[in-house]
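A.B. asks: Each chain, written out:
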Amino acid sequence: MATVEVPYQETVPLHHPKTWIGKYIFSQDHKIIAVQYGITAMAVGLVALILSEFMRLQIAFPGWEFMNFFTADHYYQAITMHGMIMVIYLLTAFLLGAFGNFCVPLMCGARDMVFPFVNMLSYWVYLLSVIILMISYFVPGGPTGAGWTLYPPQTITPGTPGVDWGIATMLISLAVFIVAFTMGGLNYITTILQARTRGLTLMRMPLTVWGIFIATFLGLIAFPALFVSAVMMLLDKFLKTSFFMPAIVSLGSKLEYSGGQPLLFQHLFWFFGHPEVYIVALPAFGVISDLISVHARKNIFGYRMMVWAIVAIGALSLIVWAHHMYVAGMHPSFGFFFATTTLIIAVPTALKVYNWILTLWRANIRITVPMLFALAFVLTFIVGGITGLFLGNVIIDIPLSDTYFVVAHFHMVMGVSPILAIFGGIYHWYPKLTGRMLNDTIGRIHFYFTFIGTYAIYFPMHYLGFIGVPRRYYETGISEFYPVAAHNLNKFITIAALIVGVSQILFIFNLVHSYFKGKKAPANPWGANSLEWCTPETPPRHGNWEDRLPTVHRWAYDFGVPGEEKDHIPQTVPRRKAS
Amino acid sequence: MRIAYIAVILFLVTVGSVVFNFTTPFHFDAIGSNWELIDITVYITFIICGAAFVVLGLLMAWWVYKFQYQEGKFAEYEPENATLESQLTIVTTIGVVVMLAPGLVAWNDYINPPSDAYELEVYSKQWNWMYRFPGADGIFGAAHNKYVDLDNPFGMKPGDKYGEDDILIVDKTVKIPVDRPVKVLLRSQDVLHDFWVPAIRAKMDAVPGMVTYFWFEPIVERVYEVLCAELCGRNHFNMRGEMHVVSMNEYSTWLNDQVTWAGLQAGAVPLSPEAALGRDIANEAGCFACHSDDGRALDTGPTWLDIWGGTVELDDGTTRVRDEAYIVKSILDPHAEIVLGYTTTMTTVELTEEELQSILDYMKSLKSEPAKQETTEENDSESTAPAPEVDSTTIPDEEP
Amino acid sequence: MATEGQQHPIKIYFLIWLLLFVLSFFSYLVDFYHLEGNLRWFLIVFFMLLKAGFIVAIFMHMKWERFALIFGILTPPLALVVLMFLMAIESDYAWSTRVVYMGEDPAPKPERPAHYKKESEKKDL
Amino acid sequence: MTDTTLSTQESIFTSTARDWSSDMTTFKGVPWGKAMMWIFLLSDTFIFTCFLVGYMVMRMTVTEAWPVASEVFALTVWGVSVPLLLIAIMTFILITSSGTMAMAVNMGYQRRKWAVFWLMLATALLGASFVGMQCYEWSKLIIDEGIRPWGYAENHDLGAPQFGSIFFMVTGFHGLHVSVGVIYLITVAIRVVRGKYDHTNFEIVEITGLYWHFVDLVWVFIFAFFYLW
Ligand code: HEA
Ligand code: HEA
Ligand code: CUA
Ligand SMILES: [Cu+2]
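Chains as they are written, first to last, in the numbering used here: chain A, 18 to 596; chain B, 656 to 1055; chain G, 1131 to 1255; chain E, 1084 to 1312.
Because the hints were derived from the structure by calculation, they are not lab data.
Please note that a few of the clues may not be correct.
Said to hold, decoys possible - Computed, partial: chain A to chain G, Cβ under 8 Å: (1) 151; (2) 284; (3) 347; (4) 351.
This structure is a prediction, so every number in the text was calculated from the model and none was measured.
Glycine included, C-beta positions come from ideal geometry on N, C-alpha and C.
Using the sequences and the accompanying hints, generate a full structural model.
C.D. replies: Here you go:
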C-alpha cells in the first residue's frame, strides 16, 4: 500500500525577547497578546457601557435638566457607537482576540500560534482600529449617528448626525478591524487545523476550541461582505458614486446620485451581520460547555452532538441573513425561504441547550463563581433564543420588528449571554493566566448584581415591544400607544441598568486587586481536564510546554469515570489497557 | 445540604417571568385590522416557547438544587444517549413546524393583496408623510424622485396620462374607509422610513429607488397614530402621522376636497387640516344650506368663495372692507350688516371660539385665484427649461 | 514523496498554459463576432469556468491535494452561490418596480463613446 | 504504519473522514503557511465575489443604459478600432505570468534556486507591466472617454453612472492585488537566492504561487463579466 509520509513536524519559531518592551508590549507570546486584546476590549467596552447609561437616562427621564446637553444627535451617535463597539470591538475582539488567543494554543497543546509575528500584528492593527473609532468623537460633527446597521442612504445624507467625518472614521475603522481580524483568524484556524499535539483529534478537542474554530471560520468568510460594503459606502460618500444611492431629494435639495440600490447594502451587511451574531455566540457556547462540564464534575452530555450542532449552526447561519430584512421591502417571496432556514437553526441550538441542562442531571455540581455565570447564561440564552423564534417567523416579525422587542431579544442573547460567558471564562481562566485566584465573595456579589440586574433590564423590555414602542426613539413624547405605565417601566429599567453598570466596578476592582493580592492559585484549581491545566508552570511560560509537547490520550471530559480514584482524568493521562 | 441560592434564584426568575407575563398590562394593542392570523401565530408561539422556557428553567433550578457537590461522590458517567437526543430533536422539530406553518400561511396572505384592494401610496420624506390616491382611473401615474421640485412635491412624471387625476395629499393625515382592503404602496423621497400603526400590525419600509407594499383591511373606525419605525435621521422619533379609519361616506366627502395633480398644476391649493376642520364644522352647523363654497350663487346667501379680503356692498348702500372683524360680526350677529340683495334670513348659531376660528381658516382658504402669483413667473420660465441638474431650491420644511 | 511537495511533469503545465491562451482567444472571438443573446452568455460563462477550473486544478495544484483540503475550500463558497442567486432575483424585482411605478424606460439605448462616434463619422464622410 | 502515515488508495470519502478525524494535522502534507494561504484565498474569494455581486445588482437594477463594453474598451490602432485589444494583451500577459510562476514552483521543489529567482522575477515583471497597462487603460478612460467614478465628464454621458464606479472599483481592487503580488514575488525571490529557505522544502514558492494564480483567477472573472458582457 502506497503511503504518504507527513513532512517534518513544523515548530513555531519562538522569538524570546530580552527587553521588557519586547516581552510585554510588542510581545509575540499568545498569552500576552490575549491580555492586550482583553484589556483593550474591556476599555472600549466600558465606553460603550457609559454611553448606554446616558441612553437609558435619556429614555427614562426625557425632560430632565441634567440631560439637557444630550440632544437627539447625541442620542443617535450614542446608540450607534454603543451598538458597534459592543458587537465588534468588545465581543468579537474579546471572544476571539482574547479567549481565542489564550485558549487555542494552550488547549491544542501548541507552543504558540503558528505565525506569532502575524498574531502580534493582528493586535496592533486592532488597536489602531479602536483608535480610529475613538477619533470619531473628536472629528467635526462627531461620530456617525446612523445606527450600528449603517443603512444607506441615511448614513450619508445630511439629515443624520456625523455625516461629515464620523461616518468615514467608522467605516475606515471597520475596514482596519477586518484586516486585524483576518490576521488573527488565519492564525487560529491554521493552529487548530495543523498544529495540534499528538493524540489530539478534532473530536477530542474541548468545545471552547470548537466554538472559536467555527466562529473564526465564519468571521473569515463573513467579514469580507462588510469590508466590501464599507468600501462601497466610502466611495458613495467621498467620490459620489451611486452604489447604494438612488435619486434623492434630501431636505429639499437634490443630491447628485441616481440609480443605486439601498437594499444591496442591507443584504451585504446582514450577509456579514447574521454570521457575526453567531461569531459572538459560538465561542460563548463553547466556553459555557466547558464551564458546565468542569464545575458539574460530569462529562458534557452528547459531546458529538454538541460538535455537530456548532458546525450546523455555523453552516446554516450563512443562509439566514435576510431575517433581519423582513420589513425592509425585499423580494416578498424571500420571506418563506428565510423564515424556514431561520427556524431550522433553532433545532441544533435547542439541542445545545438541552445538552447543557442534561449535563446537570445526576452531576456533582460545584457552585463556583464560573458555574454561576454558566447557569445564568443558559437561562438568559433560552429567553433570548425563544424570542428569536418569534422574530424568525416572518409574519410575527412584521409587528415586532424595529420595536423594543427586538432590542430585548438581542440584548438577552448577545448583550447578556455572551457577556456572562466572558465573565465566567475570566473567573475560570484567571488563575491559569495570572497564577492568582479571583476573590470569591466579590465574584458572587458581582454575579448576582449582573445576572438579576440585566434580567430586570431586558425581560420587561420585551413587553414594551408588544405595545409597540419603536426602537431608536430619542423620546416618545405624549402618544396614545405609550401609556404612563410604560414610562414608569422605563424608569425602572434605567435604574436597574445604572445599578448593573456601577456594579461592574466590583469586577474591575477584583481583577486588579487579585492580580496583586489574590490567593496563589494551584496548577489546576478546578480539577479540569483540558490541556491548559496541564502546563508545567502556572502561569505558563513563553512556549507553554517545557521541552516536550504533551500527548493526548482522551477527550477533555473524563469526569466521574467509574472505577477511577479521582473524579477527573486529564487529557494527558494514558488510557488503561482494555481488559 | 447547603442551600444553593442560585437554584432558588433560577426558580424565582422562571416563575417571576411567567407571573410578569400574566400580570403586565403590556400586550398587543387591540387589533384594528384583518391580521388576527398574526395574533394567533404569536399566541401559538407564546404557548410553545413559554412551555419550553418553564420546563427548562424549572428543570435547571431543580437539578442544580438536587445534584449539589458532595465530597467523594461521582457524577454519573454518561457521554451519550442517542435515543434521548433523537427524541428531543424530533420534539423540537415538531414544535418548530407547528409555529412555522401558520406563519407561512399568514405570510402568503400578507404578500398577496386581494384583488379588490384599492391602492394608497404613502410618500415619505424626512420627517413627514404624504399620501396619494390613484384617482378616478384607479391607476397611479408614474412618479420618481428625480422630478421632485417645489411645484411637484410627489415627483409626478410630466406628461403621464395616468397621473393627472391622482389625488395628492400634502399632509400627514390620511383618511381611509373602514372594511375595505387597502394595498399600501410605499415610496421614499430620501432615506428609509417605515409606515407603522401598531394596532394594524402590518408594516413595511419605504425604500428610495424602489416601491414596496403591504396590505391590510381596517376593521375599526378610529384615529390611529402613524409612527416611523425605521431610523431616518435626527428627527426620526418625531415623524408622526395620522390615519383616520372612517366610514365610506366620510371618506368620500373628504377625498372630494383633495386636489388632483391636474388641479395642483392649475394652481389649486389643498385644504389645510384646520380649514378642513372648519369646513366640517360649517357643514354640521348647517351653513351650507344657504351658502356655497365654490362660487355657485344661491338665492339664500352669498357664496363664500373669495369671501376673505376685498369689499362688499351692503344694502344700506355703503361699501365695507371684508376684514376679519366684519366677518366675525356677520357670523355672530348676522343682522347687523346685510349684504346687498339679501335679507335677514341668516340665523345665529352657537359657536365656540375654536369652532369660529376653524371656520375662519376655512374661509381664508376659499380663493378662486390661488395665492401663488408671486412664484408663477419664475416657474413659467423654469418649466420650459430642461429639468435642472442640481436644484438649489429648498422646499421649506414644516418640521421645527 | 510528499516531502518533495507538489512535483509534476512540466509537460502538463505547458499544456494548461497553452489551453488558457486558446480559451481566452475563444472568448475574445465571442465578442469579436458579436454573438448575442443566450449563446454569448453561455459561451462566455463556459470558457470562464473552464479557465478558472484549469487554473485552480493544475496551477494551484488543487487536483493533487487530498480531498480533505479540496472539500474545505470548495464548500464554503456555496453560500456565495445562494447570495448571488437571491440577489439576481431581487434585482430583477427592484428593477421592475422602477419600470412599473417610476416610469423608467425598460429598454434604453446606450450612447456610443466619443472615439467611437468619431470613427463612424469618419466612415460616413 | 504510524498515525503520521496514511494511505492514498482509500476512497476519497474514507480518506477525507480519516484526515479530518486524525490528530496533529488535518490537511496532511500541507505546511502551515500553505494552509494559511488557502484559507486566506477563501476569504479573498468572498471579497471579490461580494464585489461582483454588487456589480450584478447594479447592472440588473439600473434603468439607464449600460455602455457597450466592446465599444468603450476598443483601442484604435492605425485608424482601425479593434475591440478589447488592450484587454486581450493584458490577459495574455497575466496568463504568461501564471505560466512562469508555475514553472518557478516546479523549480523550487527541485531546489534550483537561481531558476526560481529568474522565473519569479519574470513573473513579477509581467505583473508590473500588467499594472502599467492598467494605468494606461484607466487614463484613457478618464481622459478620452470622460468616464469618472461618479459618472461622466461633461458631454460624455454614456448612460448609467455606475458603469465607471464599479469598473474602477473592481479593477482597482484587482490591480492592488497584482501590485501587492509583485512586491511579494520580488521579496520571496530575493530571499530564496539568499538562502533563507534552505532549511525548508521551498514550499514558500508554492505559497506565493497560490496567491499569484489566484490573482490570475480573479482576472478570468473580471475579463468575462466586465469586458465581454
Ligand atoms: C449572539 C447573538 C444572537 C443570537 C445567538 C441570535 C439568535 C437568534 N436570532 Fe437574533 N439578533 C441578534 C443577535 C442574535 N440573535 C441581533 C444583534 C439582532 C438585531 C440587530 C439589529 O437590528 O440591530 C437580532 C435580530 C434578530 C432578528 C431580526 C429582528 C428584526 O430586526 O426585525 C431575527 C429574526 O428572525 C432574529 C432571530 C434569531 C433566531 C431565530 C435566533 C436563534 O439562533 C435562536 C435559537 C435559540 C433557541 C431556539 C433557544 C433554545 C431552545 C430552546 C429553549 C428549546 C425550545 C425551542 C423550541 C420549541 C423550538 N434575531
Ligand atoms: C454586546 C452587545 C451589547 C451590550 C453588552 C449592551 C449593553 C447595554 N445596552 Fe445595548 N445595544 C446593542 C448591543 C449591546 N448593548 C446593540 C447592537 C444595539 C443597537 C444599536 C442600534 O440600534 O443601532 C443596542 C441598543 C441599545 C438600546 C436601544 C437604543 C434605541 O434603540 O433607542 C438600549 C436602550 O436601552 C441599550 C441599552 C443597553 C444597556 C443599558 C446595556 C448595559 O449597560 C447592560 C448591562 C451591562 C453589563 C451587564 C455589563 C456589560 C459589560 C461590559 C460592557 C464590559 C465592560 C468591561 C468591564 C466591566 C471591565 N442598548
Ligand atoms: Cu422616518 Cu424614521
Ligand atoms: Cu440574525
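A.B. asks: Would you check whether residue 347 (chain A) satisfies its interface hint, that is, whether its CB is within less than 8 Å of any CB in chain G?
C.D. replies: Hint holds; residue 347 (chain A) Cβ to chain G Cβ min 6 Å, cut 8 Å.
A.B. asks: For the restraint on residue 351 (chain A), tell me whether the closest CB of chain G is nearer than 8 Å.
C.D. replies: The hint holds - residue 351 (chain A) has a Cβ within 8 Å of chain G, the shortest such distance being about 7 Å.
A.B. asks: Against chain G, with CB atoms and a cut of 8 Å, does the hint on residue 284 (chain A) hold up?
C.D. replies: 6 Å, holds
A.B. asks: Using Cβ atoms only, decide whether residue 151 (chain A) comes closer than 8 Å to chain G, and label the hint accordingly.
C.D. replies: With Cβ-Cβ at 33 Å, over 8 Å, it is violated.
Checked against the numbered hints above, the structure breaks only hint 1 and satisfies the rest.
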